[in-house]
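**Student:** Sequence:
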Amino acid sequence: MRGTRGAQLREMTHLEVYEDRNRSRNLVLGSAAGVLAAGLLLLLPQLQGALGVRNVTPLRIFVLILAGALGVLAIRLAIAAAFTGLEKRQAVVAWRNLLSWALYVLLLVMLATAAGINLSALLLAGGVLSVIAAIASQNTLNNFFAGLVLLLVRPYRIGDSVYLRSGSFGGAQYEGLIVDVGSLYTTLSSNGELFRIPNSVVIGSVLVPDYKPLRADVALQLPSGLSLVQLEEKIRSRLSLRPGARLFLVADQYAVQEGHAQVTVRLQIKADEWLSAEHVMSAIDASLSELSSGDSKPRLMDASDGGST
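Letter by letter, the sequence shown follows residues 1 to 309 of this note's numbering.
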């Protein structure tokens with residue numbers, strides 16, 4: 001068993017080193033190709049002047065083609081280095097495609113400028129159209145840039161349980177499991193339903209990460225000598241709570257009834273899984289029967305049937 005585990009660890013380490021080497025190699029080669037492409041475009045006028053040739057020459061065309069090829073190679077290698085190991089994530093794929101197209105457009109503008117093409121009118125028209133498009137799609141752009149912030153900051157990841165309270169839509173509240181973080185929407189699963197929340201709403205919401213919904217809230221009157229630690233362990237065991245579920249037992253107040261010291265304890269259970277009130281009360285009754293022979297009976301104050309709060 002130790003030999004197999006050691007082989008697996010060595011294999012994983014080798015894979016990580018291989019990916020790191022590929023990433024470093026792509027980064028170095030991409031940087032070199034980008035520097036060569038920019039150098040060719042910047043030195044093209046000086047090269048033509050030194051050789052005494054006109055604007056439209058085979059040399060100019062050859063240099064532009066070579067610079068374009070180097071630019072494409074630099075973009076591909078830089079993108080590969082930046083997104084190594086993240087290819088299967090849907091949101092990352094969207095950002096990778098967007099960044100690639102932006103760099104290709106920038107390369108085309110540089111090649112056209114070096115070729116002597118006047119892009120002033122085209123850039124002016126593009127700027128006007130961009131302003132019109134931005135006004136028409138303001139909400140989409142807000143969601144898009146909010147998604148970019150979420151991707152960079154990462155306040156939550158896919159599989160996390162969260163609670164969101166937004167000032168929009170009349171103070172809407174959302175709680176559940178994150179199943180997807182897209183470029184425009186964050187998808188939340190709650191009680192078997194999927195909610196696609198705009199990223200701009202998520203950015204403007206109060207966020208509670210690693211959130212566990214309140215599933216039970218019970219008040220108990222117990223003998224003061226009863227061990228709350230043992231009671232908590234037995235209730236947790238009988239409910240078969242999943243890892244990450246939280247069970248709180250807090251002493252509220254002390255009193256003396258019929259010559260016996262009593263303590264009022266508040267029990268709260270926060271968990272991802274749904275818990276019925278009957279199941280919770282049955283676990284409490286059985287646990288108390290094991291620990292105490294008294295007549296203390298739990299009194300149900302409040303219990304959630306698994307719905308959103």
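Derived from the structure by calculation, the hints contain no laboratory data. Just so you know, these numbers come straight off a predicted model, no measurement behind them. C-beta atoms are modelled at their ideal positions from N, C-alpha and C, and glycine is treated no differently. Watch out, some of these pointers could steer you wrong.
[Unchecked claim] DSS-like mimics (lysine-lysine), calculated; alpha carbons at most 27 Å apart, straight line:
| hint | residue 1 | residue 2 |
| --- | --- | --- |
| 1 | Lys212 | Lys234 |
| 2 | Lys270 | Lys234 |
| 3 | Lys212 | Lys270 |
[Said to hold, decoys possible] If you anchor each label on the Cβ, the simulated ranges turn out as follows:
| hint | residue 1 | residue 2 | range |
| --- | --- | --- | --- |
| 4 | Gly159 | Leu66 | 32 to 40 Å |
| 5 | Ala82 | Asp180 | 20 to 28 Å |
| 6 | Val206 | Arg236 | 27 to 35 Å |
| 7 | Val35 | Trp274 | 58 to 66 Å |
| 8 | Asp180 | Ala286 | 38 to 46 Å |
| 9 | Leu59 | Ala82 | 49 to 57 Å |
| 10 | Asp160 | Leu98 | 42 to 50 Å |
| 11 | Pro243 | Thr113 | 55 to 63 Å |
| 12 | Phe195 | Arg242 | 32 to 40 Å |
| 13 | Leu66 | Ile117 | 13 to 21 Å |
| 14 | Val131 | Phe195 | 32 to 40 Å |
**Student:** Run every hint past the structure and note whether it holds.
**Tutor:** Now the hints, each set against the structure:
1. Lys212 <-> Lys234: holds, 21 Å
2. Lys270 <-> Lys234: holds, 16 Å
3. Lys212 <-> Lys270: holds, 5 Å
4. Gly159 <-> Leu66: 32 to 40 Å: violated, 47 Å
5. Ala82 <-> Asp180: 20 to 28 Å: holds, 22 Å
6. Val206 <-> Arg236: 27 to 35 Å: Holds, since Val206 and Arg236 (Cβ atoms, about 29 Å apart) stay within the stated range.
7. Val35 <-> Trp274: 58 to 66 Å: holds, 59 Å
8. Asp180 <-> Ala286: 38 to 46 Å: holds, 41 Å
9. Leu59 <-> Ala82: 49 to 57 Å: Violated, at about 34 Å.
10. Asp160 <-> Leu98: 42 to 50 Å: Since the Cβ atoms of Asp160 and Leu98 sit about 25 Å apart, the hinted range of 42 to 50 Å is violated.
11. Pro243 <-> Thr113: 55 to 63 Å: 59 Å Cβ-Cβ, so the 55 to 63 Å window holds.
12. Phe195 <-> Arg242: 32 to 40 Å: Once the Cβ atoms are compared, 22 Å apart, the range 32 to 40 Å for Arg242 and Phe195 is violated.
13. Leu66 <-> Ile117: 13 to 21 Å: holds, 18 Å
14. Val131 <-> Phe195: 32 to 40 Å: holds, 33 Å
Hint compliance for this structure: hints 4, 9, 10 and 12 are broken, all remaining hints hold.
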